[in-house]
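Engineer: Taken in order, these protein sequences are the chains called A and B. Straight run, no breaks: the first sequence in the numbering used here ends on number 422. Straight run, no breaks: the second sequence in the numbering used here ends on number 275.
Be aware that a few hints might be false.
[As the list claims (entries may be wrong)] With the C-beta cut set under 7 Å, the calculated list includes, among others, these residues of chain A facing chain B:
#: 1; residue: S237
#: 2; residue: V240
#: 3; residue: G414
#: 4; residue: S418
Derived by calculation from the structure, the hints in this document are not laboratory data. Every residue, glycine too, gets a C-beta built ideally from N, C-alpha and C.
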Amino acid sequence: MKLRLMSTVAVAAMALGAGPALAANAPGVTDTEIKIGNTNPYSGPASSYGTIGKSISACWDSINAGGGVNGRKIKWISYDDGYSPPKTKEQIRKLIERDEVAFTFQTLGTPTNSAVHKYMNKKKVPHLFVATGATKWGQPSKFPWTIGWQPNYQTVGAIFGNYILQNHPNAKVAIINQNDDYGKDYVIGMKQEMGDKFDKLVVKQETYEVTDPTIDSQIVGLANSGADVFVNISIPKFAAQAIKKMAAIGWKPVHLLNDVAASIKSTYTPAGLENSKGIISVDFYKDPNDPEWKDDAETKAWHAFMDKYYPDGDKANKFNAYGWAVCHTMKAVLEQAGDNLSRENIMKEAANLKQVHVPMLLPGMAVDTSPTDFYPLEQMQMMRFDGSRNVRFGPLISAETE
Amino acid sequence: MDLFLQQTLDGLATGAIYASLALAVVMIYQAIDHFNFAQGEMAMFSTFIAWQLIAWGMPYWAAFLICLAFSFIGGMLIERVIFAPIHDAPVLSHIVIFIALTLIFNALAGFVWDFTIKEFPSPFPDKLPFESTLIGPHEFGVVGITLVMLGLIYVFFRFTPVGLAMRAAAANPVSAALVGISVKRMLGLGWGLAAVVGAVAGMMIAPKVYLEPNMMLGILLYGFAGAVVGGLTSPGGAVVGGFLMGVLENLAGTYIIGSELKLTFALVVIVAVLLFKPAGLFGRVVVMRV
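Chain B with its partners taken away, still in its complex shape (with noise of 0.2 Å):
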């Protein structure tokens, strides 16, 4: 039983890593109506930034700020420079660049920080108010801020005349344009805002599993699971995948198919998902008309 315990509460806290990189991949989702490989490896570059800035003197909560406004400026610069002028290309030329990007962004974190691990400070007390070993002052945290962000976006997409029509530009470019939407303005919007939820992924991330270029490898598998399993146009549907994704896999681990599998067990979750529920749990059902 308390063997259950911890794997699930374990599970939840990385869940909570899963989650928040999930929401990142909706966030773009939303914009531009791609998947962007690339998240992961942005999510990371942002960290080693804050990271740099910690290393030099600044204190933790200035280059969070900083760091999250670089992120801002960088997502939308990549989409002026790199994706505007491609804007009509196919599908498959967004996917190469993509993938170029995750490359681009890995060498050059390589190069300029170097492949060893890195501590990375959590911005959390060292101690809980109660006293427990299930789970961590910094996994409790994550938690309580994967929660707060994905209010935030909630409301964002909701409430906010931004939000609307950023998710007007998304889903129907040409009606948009049309009431008066400047669709590149959402989507240059889009992309920085998808930076900065990365970046605060990467920042909740790196102080669990240590701060390096290859970080996000792993980890952005399991958020693009979450992501399908929740939903990939809505927000509160990455969330709970990702955490069904962090708690499935250790109770699966632990008591089904051994740590071996776990990788794997991802992968089958999201051609299950797509095979019998493509929207995802939580996701609206897209009608084209034809």
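In isolation and in its complexed conformation, chain A is listed as follows (with noise of 0.2 Å):
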């Protein structure tokens, strides 16, 4: 009996003596496999955004043909919640507890990731990188198990507002805006900005529910109201019924669009092109359908990329360019821990990107994190519709989040 209990101590110290001081690498971490959790709306209202789910699925099997991510493979493990929070808590407890995956990626939805928020971080699991852009992310201190990717929606409200003090300073500013947290996002970074000349310059605010038949009610009144710069937070649907109302009762406005809805296929095309010509909005990465970037290198690597391992993506969905360059962010952070694959550690990689460029994200940008600031991307560029493209101008803004 005592000699088995030393024994026991005696192999607990080797072990121990063996390694390098580090913590034991994740659950579903081995030798030759990465195993990475995710969730996605592949069915249900918010299916077209499932697609982004399918193209990191593909890129992850380019990566594994070239080899996988040091040594390793990753397997994808996405599941289908049909943008319904209560099913996606229960995917994400089936991933962490029966898959037993290393960490959850680009989980998609603001509602639904909110249902999984405190979980993740009680578990203390990686949940990296969420597909949304409200602003609740990028909370180190409270949330540190939480980081979100693409510029969030107060960044671009704040860009908006400053638009509009460097251009119209002297605007009468007309905002629609859906009245829930994505909605109200927009206004706080537009409020943080413009400072006490918000309520200066704002002459009428109204809202709409995405319940709500049309919204012409709410155009023609803040038509009424004589602005001449108009901020629109609406998502395609409603951006499309404004901007053909706008028309229809002739109302002009220098017109800011957010980039929820800036697309030519899912808003400008149903609105009618000529009545969306001039619209201004913001943009973070590359169109790959716009001429400007027919010969740019990492256009054709993707084009290349979905001719071989998504052919049945479309390729005029930016979706899928999204979804190419949020997968690259991740293989950074993978490359970065190196056999290090602690949970502890990916989280503290994911905090540690410094000035990474990943594909497709337009020129001069670079994703960028620290203990600190769990805000990846806060760069954007400014763009006009011109009846055909969207064409940038400007320079890339940075609006840091607070």
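Two chains, two frames, some hints: make the complex.
Structural biologist: Written out as structure tokens, the structure is:
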């Protein structure tokens, strides 16, 4: 009995002495594999985003074909949550407790990620680069295991506020926003940037609910305020309605439209390309369909990737370029972590990206994080729709979120 | 004053949308004595059929007519296949099936045509014969079509033998059967016609709000409100109710409560009417002999 106890202690001591003093690798990590978990809306009302999950899956296939990351292949487990928060919770539990993934990456949606925000932090599982623009993902002191990726809604709001102050300092501003966290985040960003000018310049603010059949009445009210700058914070359906109604009643303000709806395919075409002319918005990654990038090496590499690994994917859909860019951000984190793949270290490296360029970001843009800065992308460039394409103008604008 | 005029006319235009769907709601209520919660999704699905035909290159009016025929047959099939077997089941079973149909049509449309918005053409000319920024040609046309539909329905229920037989079958199935009316056939016919009215409404609504599977979500609520305000037994009342909802919603939203509470306003109206005048403004008070 005594002897056996001794030998156990000896084995334990040997084990400790054998390797470098590291925390153990995360569950789901072996010498040949890293398991990554994800949820995406492959069905349901937000299923148009599902192609992001599919393009990331294809991206891992292409990386695995090239030998993986540091000799380890990526095993991508992505479940459908139908954009329904209770389902997300169930799928995330399954990923962590049964599939034993090392961490989750690019789980999609604001309400869906909100449902697992506390759970992930309580379990101390990295909740990496969530696919939503809400501002609440960057709170390292309160939620040290969750980090966002894309420029957040407040950043865009601040950029719009800045643009108004610079170019239309005496404007009369009208705002419409969706009446929820997403819509309000933009307005908060504008307020922070404009300070007391906000109350001076904004002559009218309206909101709409997602259930409203039309927002014609709100547009009429805003037009009647005599505003000459219009900040439009709405999803494609309502943005298209607004553009059409504005043309019908002959209201022609400077039109600043949120990036969420600045899509030629899903907003400008249904609203009428002629009606959409002159709309100003912002972007942070390349539109692979834009002739500007026809000879760009990164765009060509993306086209080759799509042909080989995601032939069913729609090349006209920008989301597939988004998936490619965010997947390479994740790859950079894993490369930086090397063989030290504990959950603590993966999280540490995710918050330690120094000016990392990933393909398909606009030229000059880089991913940058620190232990106190959980907003990887905080730059954007403005663009104006000329009737057939979004033409970028001006420098990259940074707006650090406080 | 300008704002008032614009909001009122705009309210009439949106009201026409609510009115056309309210008509479909009343149509089915006349036939089966129940609210059909799936009415909106059925109309949305019909509209997608028309959209698909047009996308395949068919001219508008051909697609329009085929869509109506499809809706008529589809509506009858739903009655024959799903509702006929549970005809005598309690009303709750019917409601559960209405909800199931709503979800099925919504998910099916999303599966086949996905959830991005589609542009649906308007059958009306691009320009009005007179200059105006107050009301667009499509809005003007929708008001007209709604009134024409109302006229047809009025004549149908008032003067045609089939229409009278349908009302009889809904109001008193036993007596109707005793005088030789086939109640079963009338029920099927009622579903078919309600689906047709819904399809017309869908094709009038889609150019304004864009076609997507959730298009009818909010509109159906306002349509119900319109039907309840006007009276579920009165097609004319439903149309007046629909227009009233559109105008009141805009004016209340602009001058009193703000746009945040517009939908709440519709629901408050439903509750208020049911509390104080359950038969609606123009509805018949139904007297039951016990």
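Engineer: All hints, please: hold or fail.
Structural biologist: Hints, one by one, checked against the model:
1. Using the Cβ-Cβ criterion of 7 Å, the hint placing S237 (chain A) at the interface with chain B is satisfied: the shortest such distance is roughly 5 Å.
2. This hint holds: V240 (chain A) has a C-beta 5 Å from the nearest C-beta of chain B, less than the 7 Å allowed.
3. Proximity of G414 (chain A) to chain B is violated relative to the hint, the smallest CB-CB distance being about 30 Å (cut-off 7 Å).
4. With a cut of 7 Å, the hint placing S418 (chain A) at the interface with chain B is violated, because the nearest CB-to-CB distance is about 32 Å.
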